[in-house]
Amino acid sequence: MNMLDIRNLQVRAEDKEILKGIDLQVNAGEVHAIMGPNGSGKSTLARALSGHPEYHVTGGEVRFEGRDLLDMDPDERAREGVFMAFQYPVEIAGVNNAYFLKAAVNAKRKHHGQPELDAMEFMQLIKAKSSLLDIDQSMLSRAVNEGFSGGEKKRNEIFQMALLEPKLAILDETDSGLDIDALKLVATGVNAMRGPARAFIVVTHYQRLLDYIVPDYVHVLSGGRIVRSGGKELALELEQKGYGWIETGAQPVGA
Amino acid sequence: MTQVAEKLQPWRATIEQRPRSGPRWLQDLRDRAAARFTALGFPTVRDEEWRFTNVAPIAAAEFKPTGADAAHATESDLAGYLYSDAALRVVVVNGHVVPALSRTSGLPAGVRVGSLALAVTEHTEIVQRYLGQLAEFGSRAFTALNTALAVDGAYVYIPDRVVVEQPIHLLFVTTSSDASGPIMSAARALIVAGERSQARIVETYVGPRGTSYFTNAVTEVIAGEHSILDHYKVQQESFDAYHVASMHVHASRGANVSSHSFSLGGKLVRNDASALLDGEGAECTLNGLYLADGDRLVDNHTAIDHAKAHCPSHEIYKGILGGRARAVFNGKIIVRQDAQKTDAKQTNRALLLSDEAMINTKPQLEIFADDVKCTHGAAIGQLDEDAIFYLRARGLTYFEARDMLIHAFAGDILDRVKIEPLRVALEAELYAQLAKDLAELDAA
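Note that the protein sequences, when read in sequence, are chains G and W. Residue 169 in this note's numbering sits at position 169 of the first sequence, and the numbers go up by one each step. To get this note's numbering, take the position in the second sequence, counting from 1, and add 1000.
Next comes chain G alone, as it looks inside the complex (with noise of 0.2 Å):
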């Protein structure tokens, strides 16, 4: 059984047909890259499986571990493992970062029966998970997204998602707006959580990411649809040809 089974998704986002029947099965331990031109979809598949209410699944389905994935709350979702790294952080006034992330942590133990860490026990996790991706008190002390640069709000994402330990992880266009070196912490992170029980969905518009976090498959959107799907060496073509030649002249998988 593949972790992750989509079919034929449609989805519809502010009136307007966006996805129009996509197919991906992705396995564990795999990182899948979803590459594409503005516009063709790749955020929007992102959101629609981490359940964001302003796309409209309108066809097709998504599996979790067999288990109906559009049948979930976006909370539920997280709570099974399913983590999106959002491509712009919310800022949320009031709400301490460090309050937040053990809220979060939290809320998943609770879901699978375990006891909820305390104070200490998270001051803990923290400190052994916030070295590698250089987060400092002043991140933790501050409210969730606020004032935080480019970086930091990206730095945050992936510490999150190495707090919460998912089991499929969506990164929707993480690098942008990264300079090299925050790209370079940030492809740290994931590299460090790669492994045969976690499979990654990285979603980028530029092959630079992908030097980093090496992928297992490249797939490439356009219209809405993957239009060709290779192993890493697609992105180094796509890098040096443009989108221009998948846009013209490929025809659709399986077509």
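Calculated from the structure, these hints are not laboratory results. Among the clues, some could well be false.
[Stated by the list, open to error] Simulated coverage check for chain G against chain W, where a stretch passes if three residues somewhere in it have a Cβ under 8 Å from a Cβ of chain W:
(1) 40–52
(2) 62–76
(3) 94–100
(4) 107–115
[Stated by the list, open to error] Some chain W residues flagged as far from chain G (calculated, every beta-carbon gap over 12 Å):
(5) I1228
(6) H1301
(7) R1324
(8) K1373
(9) D1384
All C-beta atoms in this analysis are idealised placements derived from N, C-alpha and C, irrespective of residue type, glycine included.
Start from chain G and add chain W according to the hints.
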């Protein structure tokens, strides 16, 4: 005029029977206030300052002040409103200080905390100099009414250079009606802080749950040069009570006055908070947090008058409204011609938990100087959907996410309370009320 007279019919006898005790100057003050009230009558919604707040129910009811003999209250009535035992406290029941319930021992030399009526005779010079001076009643009917009817009240005097470390708690209680009908409490406070003095003062207004009464309060605060005053007003009246209050602050050169208003009770509530920054470098903070549900109304009017140069002022008001509750916020900032280098910030935010709740809000900037910084912002609305989704995407349920955001909204003001036991008590009361409101919302 005949219209006014008719409306005042139930109040005419009350005004006529106003207290006659005390020295000549005090009687004159009451007489002038009584005459002014009779001429003004109660405000109506045609009055710009009262456009959204209809006080007809107060005008129509026969609320009556009570004598000192009817000022019954027991220690257990006060439980829940005394924070960390409130070692320094003045308990005022129906406008009369009850010495048996008050605690004023161990004060630093020269500090007076106690009955205003007593201070009229024992501290005449100070009281005569300040009482009724800031709380002008020429155009304010409720202030005139209070000035005419107040018999006693709380008095706080801190001499120059004295620091009072213990918070001073002024607790205003209105008891339920006895045989004579619903009660009006003319609550009065006079706070005088000398040069370079420091104090923390909490005013709390309470009454028995489920009873209807009327609290008409006036507080005057005189902050001497370079004094530091940390003031809190906690309004926790019965949900069936009427509460109309005004606070008047005078800040001299270099004084720093901060006042936080928490409005958690009452059926119809009007708070006027005004501050005159009357010396260079005087600074003031007026913050507020209010909560209303059902058919309740909370009206906050603030006015900060920058009369001199180099005065910063800070203001944040936040409200949470459920049910069919209504709120009014009017924030006036005046910058006089001489008040160059003024730095005034005003923020007003309200969270509407239901479709039927509403707020009327109006910033009012009157700026006559040219080298000043004045900012104001208002944000009214529902909870941020993006924030809710973000929290849900991390595993919190919709309800957990919503509660976290509401608590954060209120916490912004609560966290500024520097008296820890007070903050804890306010938090508990606020969150208990919110939990009830949200449960009703979820059931609907």
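Would you pick out the hints that fail for this structure and give their numbers low to high?
9
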